[in-house]
Every structure is written in structure tokens, then in C-alpha cells.
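A.B. asks: Single-letter residue listing:
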Amino acid sequence: MNLSSSYLLSLTTFIYLGAAALYMIHWIFRVRQVGILATVVTVGGFLVQTAGIILRWKESYHLGYGHAPLSNLYESLVFFSWVTILVYLVIEWRVKKRVIGAFATPFASLAMAYASFSPSVADSIEPLIPALQSNWLLAHVITCFLGYASFAVACGLGIMYLIKMRSAHHEEVPESVTGSLPQLKVLDDLMHQTIIFGFLWLSVGIITGAVWANQAWGTYWSWDPKETWSLITWFIYATALHARFVRGWAGQRIAWLSIVGFLSVIFTYFGVNFLLSGLHSYGSG
Amino acid sequence: MKKSTTHSQENPVIRFFSSVRLAIFLLIALALTSIIGTVIPQGQSQQFYLDNFGPGMSKLTKILHLNDTYHSWWYLSLLALFSTNLIVCTLKRLPFTLKLFKKDNLAVRSDYLTRMPYKRIWRVRDGVLDNARIQKLLSTFQEKAGSFQKRSNVDGGTLFLVERGKWSYWGLYGVHLSILIIFLGALFGSFYGFKGRIMLMEGETTDHAVRFDTAAPIPLGFSIRCDHFFVSFYENGAPKEFRSDLTILENGKEILHKAILVNDPLEYKGITFYQASYQAIPEVTVKVVSSEGAQRSFIIPAFQKVSWPESGMTLALLKYIPNIHGVPAARVWVGDGTGQGHALWVLQGRTEQYNRGNTTYKLSLVSASQRYMTGLQVKKDPGVWVVWLGCTALILGFAIVFWIPHRRSWLWVGPKDGEMQVILSGQTNKNKIHFEKDFRELEDSINSVLGTNK
Chain A
60 MNLSSSYLLS
70 LTTFIYLGAA
80 ALYMIHWIFR
90 VRQVGILATV
100 VTVGGFLVQT
110 AGIILRWKES
120 YHLGYGHAPL
130 SNLYESLVFF
140 SWVTILVYLV
150 IEWRVKKRVI
160 GAFATPFASL
170 AMAYASFSPS
180 VADSIEPLIP
190 ALQSNWLLAH
200 VITCFLGYAS
210 FAVACGLGIM
220 YLIKMRSAHH
230 EEVPESVTGS
240 LPQLKVLDDL
250 MHQTIIFGFL
260 WLSVGIITGA
270 VWANQAWGTY
280 WSWDPKETWS
290 LITWFIYATA
300 LHARFVRGWA
310 GQRIAWLSIV
320 GFLSVIFTYF
330 GVNFLLSGLH
340 SYGSG
Chain B
16 MKKSTTHSQE
26 NPVIRFFSSV
36 RLAIFLLIAL
46 ALTSIIGTVI
56 PQGQSQQFYL
66 DNFGPGMSKL
76 TKILHLNDTY
86 HSWWYLSLLA
96 LFSTNLIVCT
106 LKRLPFTLKL
116 FKKDNLAVRS
126 DYLTRMPYKR
136 IWRVRDGVLD
146 NARIQKLLST
156 FQEKAGSFQK
166 RSNVDGGTLF
176 LVERGKWSYW
186 GLYGVHLSIL
196 IIFLGALFGS
206 FYGFKGRIML
216 MEGETTDHAV
226 RFDTAAPIPL
236 GFSIRCDHFF
246 VSFYENGAPK
256 EFRSDLTILE
266 NGKEILHKAI
276 LVNDPLEYKG
286 ITFYQASYQA
296 IPEVTVKVVS
306 SEGAQRSFII
316 PAFQKVSWPE
326 SGMTLALLKY
336 IPNIHGVPAA
346 RVWVGDGTGQ
356 GHALWVLQGR
366 TEQYNRGNTT
376 YKLSLVSASQ
386 RYMTGLQVKK
396 DPGVWVVWLG
406 CTALILGFAI
416 VFWIPHRRSW
426 LWVGPKDGEM
436 QVILSGQTNK
446 NKIHFEKDFR
456 ELEDSINSVL
466 GTNK
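Residue numbers (the working numbering), protein chains in the order written: chain A, 60 to 344; chain B, 16 to 469.
Where hints are given, some of them may not hold.
[Unchecked claim] Not the full set, but computed from the structure, chain B residues with beta-carbon under 7 Å of chain A:
#1 Leu-42
#2 Ser-49
#3 Gly-252
#4 Glu-256
#5 Thr-287
[Stated by the list, open to error] Mimicking SDA-like on lysine to any residue, the simulated pairs with C-alpha atoms at most 25 Å apart in a straight line are:
#6 Lys-181/B - Gln-252/A
#7 Lys-255/B - Leu-322/A
#8 Lys-244/A - Arg-455/B
#9 Lys-445/B - Val-177/B
#10 Lys-285/A - Met-224/A
[Said to hold, decoys possible] Heads up, incomplete: computed chain B residues facing chain A, CB under 7 Å, no partners named:
#11 Phe-32
#12 Val-35
#13 Ala-38
#14 Phe-40
#15 Leu-45
#16 Thr-53
#17 Tyr-85
#18 Phe-257
#19 Ala-274
#20 Val-277
#21 His-421
It is worth saying that the hints were derived from the structure and are not from the lab. Don't be surprised by glycine CBs; every beta carbon is placed ideally from N, CA and C.
Starting from the given sequences, assemble the full structure and let the hints guide the process.
C.D. replies: Written as C-alpha cells, this is what we have:
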């Protein structure tokens, strides 16, 4: 069978779904070997996906368009999932806590599943329209998605934090489901670090977008719904960062903010395209 | 940095404007109110809001300027309050940071060092540390931690200090000031710049643009001509390239040529021209043969009337369709000069008849072509470089605030509690995990120096 990028990327979807399931099993049943297997599967999926992305890039040259695979919803979902796995694997490698995988890899699996199975997401390779023919495309998309992926992981950490907090006997019973989650202090610190990382990249993403808009349309900021929602997201995470300086705002509130922040990311990513365009079009219809 | 110095006699106004709580309130308020302008369509007429939202909401829209939310008095007030908060907060923290920055970290007592988060004390058993070992100790310290400052007679011993990234306290100021710089750049640009448009037919020249906001003409100070406009498409019908070949003229002399693309504008004397839109203007050639024997061909461009004085006839192009049943077709209006007339479809390859009085005219479409009109967005924004400066400072500031730690490592050597002691201690204000790893390495190296030839 001829190896194509769409084959590799569909395969990735199943591998990531499997990895997420393995991480869940590892967390709930606390079997160490399953956790190791989950990591192996995730790394394998990541390699397959990387190959798929590179192949898609090459295929676009064969079609005569020749552009990085970052130009439409399908390609952005694939890239989002790729960066999420990358950010997660770095955290796993540094913190050595595989339980986090149960809360991080589902984001990547869901993104891939949506990209692969939704009939509204076209996976064909299309040529670039004039507005997208710029080197800023690469810089803008990569930086934004580094931010988005970090926020996805931070949201997973926030959910873990709240689950851990809600259980009354979190510290005492290490063999319970919530007991196997990392300590609140560790989660809080990781959440903070991940938000910082995401916030920096979101800022760079907004700025590269502004530079690009200035070059293509002659205005670096036009309060278009996408721009405005990225700024709303930025405000939410700026709140989370400042909240740590005020006593009494640690932990739980930041966990909530990381969840609300990620909802805002999702809205910036999809909602603006699907809902606000609808809101705007009813007026003209 | 986390604890602010609160004095009881502090001015409550200053305390209010400098508080992090106000910053958090403003960030949340900005996040929430920014949603409004993405949900309510912006820049529409009053009638639009009345039709779509009813009289109540329409009135609210007018009072709160929700048709232009981000330039409304209340949104700008929030931004002004945000800026005030930033400025007051910065000024208030300045003396505190200066103190931190100027702090002499060699002016510490040995007891203080033993209370640090990272520490190790060696008691030298035989009570003496010969010069050779001290030298070895110091060279190890220097090798692992960096070049050090030294102070003698600290609690009867000698203190060595390696300090890194003390300047990183200024990163936070960089971040906060950069946001003010971005605001200033935006303000400067809005006062001393403009945004407008130019529509130019191929071959046309203009010396002014039209402002977006007031529709007033703005002189450019030079002329610009569109030599050609090109548009091309991919096989799937999506646009591939929009291109305008432009020429800048001053006093009738050609200064420069440039082909602009959507992502590749032309800048001249601080004014930038962007490829924004285009219109295809059709132009048809129609041949008219009169039953009285006269005949003539006319080139009829869109939006223009062409007349045939001898016969009292006027011709105009109402509509042009490049392809009907495989041939081009033009809807031509034929007037008799009195305002009366008749519109007819003229398809290429066929003749259409038009009767006026006893005369019959036969019209045929000889050829059709398109001329292009390019739409340029014109901008002058002297503040844009200030905005980019602010953006650069913001990112550099973030990198410093988040990742450059202020690290201190002390080494004290001297007699204490009746024996020779070596105290190693350290402190960092961020990235504790990394610092701890480095500290343990340093500790092991020193241990091997002091541990050998006991």
C-alpha cells in the first residue's frame, strides 16, 4: 500500500485514542506497566504523526502548491494535537508523573478525532490564497498553537487539581484514585509554569499576527472577532498570573481560571469561526 | 517582590490605584466587556440595531456606543484606568525594587546563611584548613558557581558570594512599561496618521486618497499610477494572486515602479499602499448598422454613455456576462436622446434589431474585454514602530520575568563554635528545581575537596 500522509494521520488518531485510554487505565487501576506502555504508545504515535505532517508538506509540493501544512482547520487541528503531545511529553519527562497523561492526551486525541471524522473538516490539500502567502503564516500559527497546546495541558492540570482537592482524603490514602494524583503543591506549580509558557507564546502569537496583519492589510489591530477573542484569552491568563501575587488566590482559583481560559481558547479557535460568523451573517441575510 | 510595603499613613487613593486587586478587577472587566463587540455587529447604522434588536437595545447601543464598542467612552476609560494602575503600581514599587537591586548581599552574618533554603555546613575535623585546600576550595567554587566577590572579617571569617541575574527585577518593569509604550504608539498613530483608500483604473493617476472615517480627500504629496492589475486563479477557482503594478510620480517624473501583492505593499515617504481589492470593469465593442446604410462601431465602457450624434442615439452598457451558452453577452441600453430607450441583450455571433421610427438598427457584439480597477488601502502610521518597540520589550520582559532568576550562592570559611567551618548556602527567586540541581552539584564538588585528606 502506498504510504500517504492521510493514512499516517488517520493512524495517529487511533494511536492517540489508545494512548489516552492506556493513561486512564494507568491512573484508575494504578498499574505501573500500563503507564510505561502508554508512554511508549504516545511516543510512537508522535513519531507517526511527525512523519505524517512531513509527508503532507512534501505532498503539497508534488501538487504544485508547496506550503507548510498549517493553512486550514484540518491542518491546524493536526498541528494542535502534535504540539499538545509534545508539551505533555516534555512535562512527563521532567516531572516523571504519568498520571498527568490521563488529563493531557485526551485533548490531542479529541482534536485528531475531530479532524479525521468530522464531515465538516475537509482534509484535502488546498493551495494558499493570496492573504495567506506570507512567511508570517508559519511564525504566527506555530506560536499561537504552542500557546493553545500549553493551555490545553494547563486545563488538564486544573481539572486534576480540582479533583484532588474535592476528595477529602487526598493526602492520606495513596492507593486511592485521587491519591495517585500528584500533590496539590506540585500541580499548582506545574499549572503556573505551563500557563507562563503558554502566555508567552500566546503573546508572541498575537504580536506576529499583528505584524502580519499590518503587512497584509495595513492595520496591526482591527478588533476583528478573532483578534478580540485572542485578547480576551490573554486577559484571562494575565488575571491568572496576577492572581498568584494576591494572597488567597492560589491553587483552586487558578485551576478554575485555567479551565475558563482554555474554554476561551476553544472559543477563539472554533467559536469565532462557527458562531460569530453566524451572528454576523443574520444581519445581512 | 510578592509582598508590597504597606505603610499605615499611605494615601488611600494611591493604595487603590496601585493595588494588584484593581489590576485583576480591570483584567476581568476588560475580558468580559471585550466580548460585547464580538457579539454585537460593529459599525452598523442605527436603523440596523433597531431592526435586529428592538427599540430598547437600540437605545442602549446608542448610549453606550455599542456600535463602536472598542472606541466607546467607557471602554477607553477602562483602558485609561488600566494605564493609571500600571503607572502608579510601577512608581510605587520602584523604591522597593531599587532597594532590592542595591542590596549588599555580602553584608550578611554567618547565622543568616544557615537559615537559607539551600545550605550545607562542613566541620573541618583537624581544625585547620591549609592554604592549598582553601585555594582548591575557591577554585572549585569559582568553577562551579562563577566568579565571586569576597569580603573579609565577616563574623571572623571570609565570605564569598556569587550573584547572578540581580538585574532581572527590572524585567517586570519592562513588561508593564511595554504595554504603556504600545498604547502610546497606538495613540500617536491615530493622531498623526490616517487610513484611507484609493480606487484606480488601469492607467489612471491620482494624488490623493479618501479617508475611511470621514471620506475626506487626503493629499499624498506625490502621485501614484496604476499601470496594470493582474488577477489569477487556481484550478479550483480560488484566487492565486492579486497584483498591481504601481508607479510613483513626483512633478510628473517617474520616481519608482513596484508590483504590489497582498502581502507585499509599497511604501513611499511614510505612506504605505496595500493591495486590498479589485473590480473588473467590462468594456464591449458593439457594431451598429442602420437600415439607411450608415454603420459604426462603438467601444462602450461600463458606467459611461457613448453617443452617435448623427443619428441621435446613445448607447450604454448595463450588464456584461462573459459566458451565456458559450458566448459573451452584453445588455445594451439604446437611447434615442430624449431619455426614452430600450434595453436589449446582444450575444456574440447574433444580431439584434432595434426599431426607431422607420429606421431599423442592427446591433452586434464585436468583442468584449475587461479593464481592471485596483483597490488600494492607504495608510500612514508613524506610531507603528513605537508599537513594535513595545511588543519587543514585552516579549523580552516576559522572558526575563519568567526565566531569569536572581541567584545567590554564598561560601563562608572561618572559625565557628570552636572549630573551622565551611558554610555553603544558596537562594533563588525562581526555577527552584534547576537551582537545587546546580546547588547539589556544587555541594558534591566541595564535599570532595573537603572530604579528601581529612
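A.B. asks: With 7 Å as the cut and Cβ atoms as the points, is Tyr-85/B at the interface with chain A?
C.D. replies: 5 Å, holds
A.B. asks: Run the distance test for Lys-255/B versus Leu-322/A: straight-line Cα separation, threshold 25 Å.
C.D. replies: 35 Å, violated
A.B. asks: May I ask you to test the interface hint for Phe-32/B with respect to chain A, counting a Cβ-Cβ separation under 7 Å as satisfied?
C.D. replies: 15 Å, violated
A.B. asks: For the restraint on Gly-252/B, tell me whether the closest CB of chain A is nearer than 7 Å.
C.D. replies: 11 Å, violated
A.B. asks: Are the Cα positions of Lys-244/A and Arg-455/B separated by 25 Å at most?
C.D. replies: Holds, at roughly 22 Å.
A.B. asks: Taking the least C-beta to C-beta distance, is Phe-257/B closer than 7 Å to chain A?
C.D. replies: Constraint on Phe-257/B satisfied, holds at 5 Å.
A.B. asks: Quick check on Thr-53/B please, does its C-beta sit within 7 Å of some C-beta on chain A?
C.D. replies: Hint on Thr-53/B: holds, closest Cβ of chain A at ~4 Å, below 7 Å.
A.B. asks: Was the hint right that Val-35/B lines chain A, CB cutoff 7 Å?
C.D. replies: 5 Å, holds
A.B. asks: Using 7 Å as the Cβ threshold, decide whether Glu-256/B counts as touching chain A.
C.D. replies: 6 Å, holds
A.B. asks: Is the interface hint satisfied for Leu-42/B? The criterion is a beta-carbon contact with chain A at less than 7 Å.
C.D. replies: Result: holds, 4 Å to nearest chain A Cβ.
A.B. asks: Against chain A, with CB atoms and a cut of 7 Å, does the hint on Ala-38/B hold up?
C.D. replies: 5 Å, holds
A.B. asks: Closer than 7 Å between Cβ atoms is the bar; does Leu-45/B clear it against chain A? Give me holds or violated.
C.D. replies: 5 Å, holds
In terms of the numbered hints stated before, the structure departs from hints 3, 7, 10, 11, 14, 19, 21, listed from lowest to highest.
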